[in-house]
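Read top to bottom, the protein sequences are chains R and Y. Residue numbers for the first sequence follow this note's numbering, so the first one is 1 and each next one is one higher. Residue numbers for the second sequence follow this note's numbering, so the first one is 1 and each next one is one higher.
These aren't lab readings, by the way, just hints derived from the structure by calculation. Even glycine gets a Cβ: it sits at the ideal position worked out from N, Cα and C. Any given hint might turn out to be false.
Unchecked claim - Computed from the model, here is a short list of chain Y residues facing chain R with C-beta under 10 Å:
1) Ala167
2) Ala195
3) Val197
4) Ala318
5) Gln370
6) His371
7) Ser373
8) Gly375
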Amino acid sequence: MPGLSEAARSEIRALGARYEQRQSALLPALFVAQREAGWLPPDVLEAVAEALEVPLSEVAAVASFYRLYFLRPPGRHQLLLCTNLACLLNGADRLRAHLEARLGVRPGETTPDGFFTFRTWECLAWCDHAPMMMVDEERYGPLTPELVDEVLARYRAGAGPAGRPAEPAGRPGSASRAAEPGGGAAQGGG
Amino acid sequence: MGERILLPWLERDDAFDLEAYLRAGGYETARTVLRTMAPADVIAAVERSGLRGKGGAGFPTGRKWAFIPKDAPVKYLVVNGDEAEPCTFKDHRLLERAPHLLLEGMVLAAFAVGIRKAYVYVRREGYLARRRLEQAVAEAYAHGVLGRRIFGTDVDLDVVVHTGAGAYIAGEETALLESLEGRRAMPRARPPYPAVVGLYGQPTVINNVETLCHVPAILRLGPEAYARLGPPALFSVSGHVRRPGLYELPLGTPLRELIFEHAGGLRPGRRFKAAFPGGSSSALLTEAHLDVPLDYEPLRQVGSMLGSASQIVLDDSACIVRVIARTVEFYMEESCGKCTPCREGTVWLAQVFERLLHGRGRMADLDLLQHISDGMTGACFCPLGESVPPSLNASLRHFRHEYEYHIRTGRCDVEERLAAPRVAAS
Ligand code: SF4
């Protein structure tokens with residue numbers, strides 16, 4: 001069947017049932033579709049519209065509005081570098097140049113091997129670890145060029161988020177910093 | 001837990017877990033209140049505590065609850081966890097480290113207002129926050145803290161966790177409702193206010209995460225004792241301080257004390273230059289404002305605001321033109337495009353800043369910036385567009401010489417000073 005598997009369709013229908021109005025499930029439904037198809041080509045949008053019984057125009061309007069939906073195929077890992085104020089003040093420009101050099105692409109592009117889609121991003125709410133970036137669901141910071149290299153190498157080696165980078169040379173810990181789970185540079189799992 | 005209300009939960013590394021939360025006395029307040037208090041008394045207590053919304057607007061929470069029509073058959077609680085104001089990270093941290101505290105606050109709010117269905121809208125990028133919250137919701141159901149007949153009373157509450165998809169504007173409360181209904185996050189006209197016509201057209205309370213996390217303490221300590229603590233507020237501190245992080249201090253703590261006593265001061269050899277006291281939408285403060293109390297009224301009197309209480313601290317290595325250009329770029333990126341002053345104004349400002357930063361500025365650009373800013377002031381449909389003028393205007397007022405230097409020389413005086421030998425820099 002074009003678009004989406006029956007399993008994904010029924011997952012989407014179940015999401016619809018959680019809300020008083022089915023269309024409320026549109027945002028989560030698009031993530032279900034994206035998880036399965038990798039991105040949101042037109043036939044997938046149509047399948048979502050059908051499963052939720054909402055007009056395709058609504059589905060397309062939503063998919064094109066929010067930044068975390070992919071209307072083109074993305075790379076295997078999403079690398080988001082925060083460039084908002086706290087990170088900017090702590091050297092995000094230098095990290096951006098470093099990432100551009102290491103990845104050989106500019107923000108918004110995917111590496112030729114399809115491994116990383118590199119994007120600059122607005123505040124990711126980890127400002128006390130600035131400068132920071134996020135790879136898929138994992139946060140890294142405070143970043144140094146060395147830490148960036150280490151993280152890239154781990155993902156390229158297939159270690160992914162399980163392979164945590166070493167703890168960066170600590171700044172004196174504030175309440176929040178000292179209390180991060182794992183106490184290290186990266187955080188996730190849970 | 002001493003004088004601090006929220007920080008002790010944030011310092012623990014296990015309070016996201018139900019067992020640990022219960023061991024620390026969690027849900028005791030909700031259990032007692034649901035069994036012994038009347039809903040109207042809960043609202044009155046929250047009003048007396050002086051609690052104001054911590055999402056930015058600062059509206060009194062108890063009054064917001066009291067607006068909801070008592071006889072409405074269907075009403076909703078929507079928790080705004082879409083925090084994306086630049087350099088604000090308190091709600092994220094609360095969701096990650098103390099999701100049960102939020103759920104306890106939600107149970108109390110729902111009881112007070114007579115609500116049986118709640119949605120928590122969490123920003124998609126907060127992956128850990130969502131996982132922890134979803135786990136907490138599941139545990140709470142299993143433990144009888146959510147669902148039917150909570151604590152054996154006749155109170156019911158269902159909670160659904162919903163995530164956004166990467167749009168700052170979804171944090172604006174009416175845009176959040178649109179997004180929750182499965183549409184583009186574009187603000188709705190007000191009135192009617194969500195308290196009257198909200199989610200699915202029904203009366204809706206929209207509260208910020210931190211706001212609800214204060215509620216258990218208000219009822220545990222009593223509103224007067226709570227108010228005597230300051231009242232307490234969480235400050236997100238970032239930028240050029242030695243110890244960025246979250247600090248819980250009484251409202252009214254001076255900026256100087258927060259930066260130099262709590263956040264460790266500036267890096268060696270650096271001088272304070274400026275700070276945003278309420279995220280990037282608040283007007284920049286300068287050295288002359290260091291003793292201003294961080295509270296709603298005093299900040300308004302100096303033309304700024306408390307907003308989300310996020311301090312962004314700039315030392316003398318920061319170029320003001322670059323900093324303001326970056327905030328303009330943020331609001332341009334995040335503008336939903338619904339109204340012209342914001343959609344066009346942010347793009348136009350960004351173009352002027354582009355010239356200034358690339359040595360192609362003209363003196364007339366300073367008047368042009370002011371002109372565009374004036375054209376946006378009071379003319380935008382929602383607070384996002386209105387976020388740009390305050391800091392821009394403040395920067396033109398206090399740091400005009402930096403703009404002029406960029407225009408005259410095509411270079412940045414801050415960069416030049418930093419590059420110069422140390423002696424010249426001091
Ligand atoms: S001010 Fe900006 S974000 Fe708000 S409605 Fe207008 S265009 Fe949209």
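Hint check results:
no. : hint   : result
1   : Ala167 : 5 Å, holds
2   : Ala195 : 18 Å, violated
3   : Val197 : 15 Å, violated
4   : Ala318 : 6 Å, holds
5   : Gln370 : 22 Å, violated
6   : His371 : 25 Å, violated
7   : Ser373 : 19 Å, violated
8   : Gly375 : 25 Å, violated
In summary, the structure is inconsistent with hints 2, 3, 5, 6, 7, 8 from the numbered list given earlier, while agreeing with the others.
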